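Colleague: Spelled out from the first residue to the last, the chains are:
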Amino acid sequence: MIHTIQVDLVLRETVATPYRDLVTRPTGAAVRTWIQQQVSRLACHTTLLDFSAVGLLDFSCADEIVAKLLLGTSPDAERFFLLRGLTEDQREAIDHVLDHHALAIAELDGPDAPPSVLGRLNVDARAAFRAVAEGGPGDAAGLASRLEWPVERAADALQTLALLRLVAAEGGSYQPLAVA
Amino acid sequence: MTRVVEVPTYFDDRALDHFAQAIGSWPPDSRLLLDARAAKWASPYGLIAMLTAAQAVAEAGLEPPLLTVPASEDVRRYWARAGFFHHAVDLFEIHGKVPRTVPDEESDVLLTVTPVKASEDVHRVVGKIQERAAKILSAELGLQAKATMGFAMALSEACQNIVEHAGTSGWVAVHAYSWRRRLGRRVVVIAVSDAGVGFRRSLEATQASRYGDRWHDATALEAALLQGVSRFRDPGRGQGLAGIKRYLARWQGKISIRSGSARLSILPVWDDDVPLQDGLPYFPGSQVQIVIPQQDAGA
Numbered sequence: 587m588i589h590t591i592q593v594d595l596v597l598r599e600t601v602a603t604p605y606r607d608l609v610t611r612p613t614g615a616a617v618r619t620w621i622q623q624q625v626s627r628l629a630c631h632t633t634l635l636d637f638s639a640v641g642l643l644d645f646s647c648a649d650e651i652v653a654k655l656l657l658g659t660s661p662d663a664e665r666f667f668l669l670r671g672l673t674e675d676q677r678e679a680i681d682h683v684l685d686h687h688a689l690a691i692a693e694l695d696g697p698d699a700p701p702s703v704l705g706r707l708n709v710d711a712r713a714a715f716r717a718v719a720e721g722g723p724g725d726a727a728g729l730a731s732r733l734e735w736p737v738e739r740a741a742d743a744l745q746t747l748a749l750l751r752l753v754a755a756e757g758g759s760y761q762p763l764a765v766a
Numbered sequence: 098m099t100r101v102v103e104v105p106t107y108f109d110d111r112a113l114d115h116f117a118q119a120i121g122s123w124p125p126d127s128r129l130l131l132d133a134r135a136a137k138w139a140s141p142y143g144l145i146a147m148l149t150a151a152q153a154v155a156e157a158g159l160e161p162p163l164l165t166v167p168a169s170e171d172v173r174r175y176w177a178r179a180g181f182f183h184h185a186v187d188l189f190e191i192h193g194k195v196p197r198t199v200p201d202e203e204s205d206v207l208l209t210v211t212p213v214k215a216s217e218d219v220h221r222v223v224g225k226i227q228e229r230a231a232k233i234l235s236a237e238l239g240l241q242a243k244a245t246m247g248f249a250m251a252l253s254e255a256c257q258n259i260v261e262h263a264g265t266s267g268w269v270a271v272h273a274y275s276w277r278r279r280l281g282r283r284v285v286v287i288a289v290s291d292a293g294v295g296f297r298r299s300l301e302a303t304q305a306s307r308y309g310d311r312w313h314d315a316t317a318l319e320a321a322l323l324q325g326v327s328r329f330r331d332p333g334r335g336q337g338l339a340g341i342k343r344y345l346a347r348w349q350g351k352i353s354i355r356s357g358s359a360r361l362s363i364l365p366v367w368d369d370d371v372p373l374q375d376g377l378p379y380f381p382g383s384q385v386q387i388v389i390p391q392q393d394a395g396a
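Those protein sequences? They're chains A and B, same order as listed. The first sequence maps to residues 587 to 766 in my numbering. The second sequence maps to residues 98 to 396 in my numbering.
Note that these hints are calculated values from the structure, not bench results. Keep in mind that a hint or two might mislead.
Stated by the list, open to error - One-sided excerpt, in silico: chain A residues whose CB lies under 8 Å from chain B:
(1) 609
(2) 612
(3) 626
(4) 628
(5) 630
(6) 633
(7) 638
(8) 674
(9) 679
(10) 682
(11) 683
(12) 685
(13) 686
(14) 735
Claimed, not checked - Which stretches of chain B does chain A cover? Using the computed rule of at least three CB atoms under 8 Å from a CB of chain A, they are:
(15) 211 to 222
(16) 240 to 251
Since we're looking at a predicted model, the values are computed, not measured. Idealized CB from N, CA, C, for every residue including glycine.
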């Protein structure tokens, strides 16, 4: 189960502006704080941030909302985030700021498309992400066999994905993020 | 005593050096009189530089400068339409007839001279400009529709520099016009200026020790624009200017930042400007100019 947050509504609630643009650091910080408070009260582990009705997203705001949301989530917390409804420019801004921090986040681009990743992710981890998203849960041995890799290579890639919260790790097995 | 400062006949970013030279030492040791009678044209950069000078004088607790308006009625009207006089009346003692023209974002003025003090002002500026910018950028400059968002982002980040770093308010204006002499094409120019502490003082606490004796306006600009350094220890800072550079690289644009006595530019192939100039006449605060040129037909 996932919880969806309409980011434009958060903007309207937190900042008294008639515009639907996410610009400036104070705006981003206000939106992020609202999201953090909301997420802390949720029972479900995965939150989908829907940007469909957002206009412009500048780099400063992308940094305050997305990068700091990931940076501010405790490594021990079982919290996962997904993005949806991004325009090309918004995607670029988020990708840029996440790359700067060596972070990554999954994005849903269309109802039937598999999730993709924005931010910094090495080639192996990217391939592993795709394989887990398309092939479903498994362990390092299963992934290694699917990708024809040594088990250690698959384990390393899965470990990277787990650290970046791009898969859910549980007792040696890995699950793709819930997308519905 | 009054010091007469001739406003450059064509007041653009390069002419600011002459303007600053004419002001002399800072803060001025006598009342300034900006003589704009011979003015024939001013870019948005020139217009907000005059306001910045007057604002800096006011913030130094000195008597407001005098301003004699351009002799040409056309020039006066253009300055009025660009919103210059609307703000100048609060900062100057104006001599001469000021047109009653209401500032408007028509024809080549995409954004009239607008004060930037706080985050809300950036929201307003970005919200206002998008529709008009979309039209100008695609119809007149031949940029793809997707360039509009990036343009508004660049504008937002440039304005935020004032809110985050200047320590005082500033000004922004955006015009489109033909840059015949320098480029032979139409351009859109974003000009942002403040009368604040400047890049050197803004970064001093965190960066000066790294540079030692080499620390001055030029090295501060290099640290900010080329290395993405910010006065904040937050590792996410400094990405605004990086974002602007990314956008400009895509559309062959130019950014130029003047602060104190130095100017640093990131130059596209079409520009023969000097990348780094140091030892320029001092001018208060920081001035940013972003130029987006008309694209080649094949671009």
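Colleague: Against chain B, with CB atoms and a cut of 8 Å, does the hint on residue 626 of chain A hold up?
Modeller: For residue 626 of chain A, the interface hint is violated, since the closest Cβ of chain B sits about 22 Å away, which is over 8 Å.
Colleague: Do three or more residues of the region 240 to 251 of chain B come closer than 8 Å to chain A, measuring C-beta to C-beta?
Modeller: With 5 residues in contact (Cβ-Cβ under 8 Å with chain A), the coverage given for the region 240 to 251 of chain B holds.
Colleague: With 8 Å as the cut and Cβ atoms as the points, is residue 612 of chain A at the interface with chain B?
Modeller: holds (5 Å)
Colleague: How about residue 682 of chain A: closest beta carbon in chain B under 8 Å, or not?
Modeller: Result: holds, 7 Å to nearest chain B Cβ.
Colleague: Per the CB criterion, is residue 679 of chain A less than 8 Å away from chain B?
Modeller: holds (7 Å)
Colleague: Tell me if the interface restraint on residue 638 of chain A is satisfied: Cβ within less than 8 Å of some Cβ in chain B.
Modeller: Because about 15 Å separates residue 638 of chain A from the closest Cβ in chain B, which is outside the 8 Å limit, the hint is violated.
Colleague: Answer holds if the nearest beta-carbon of chain B is closer than 8 Å to that of residue 630 of chain A; otherwise answer violated.
Modeller: It is violated, given that the least Cβ distance between residue 630 of chain A and chain B is near 28 Å, above 8 Å.
Colleague: Verify the interface restraint on residue 674 of chain A: the C-beta must sit less than 8 Å from at least one C-beta of chain B.
Modeller: Result: holds, 6 Å to nearest chain B Cβ.
Colleague: Hint residue 685 of chain A vs chain B: min CB-CB distance below 8 Å?
Modeller: Violated - the Cβ of residue 685 of chain A stays beyond 8 Å from chain B, reaching only about 10 Å at its closest.
Colleague: Do the numbers back the hint for residue 683 of chain A, that is, is its least Cβ distance to chain B under 8 Å?
Modeller: holds (6 Å)
Colleague: Are 3 or more residues of the region 211 to 222 of chain B near chain A, judged by a Cβ distance of less than 8 Å?
Modeller: holds (count 5)
Colleague: With chain B as the partner, please determine if residue 633 of chain A meets the hint condition of a C-beta pair closer than 8 Å.
Modeller: violated (21 Å)
Hint compliance for this structure: hints 3, 4, 5, 6, 7, 12 and 14 are broken, all remaining hints hold.
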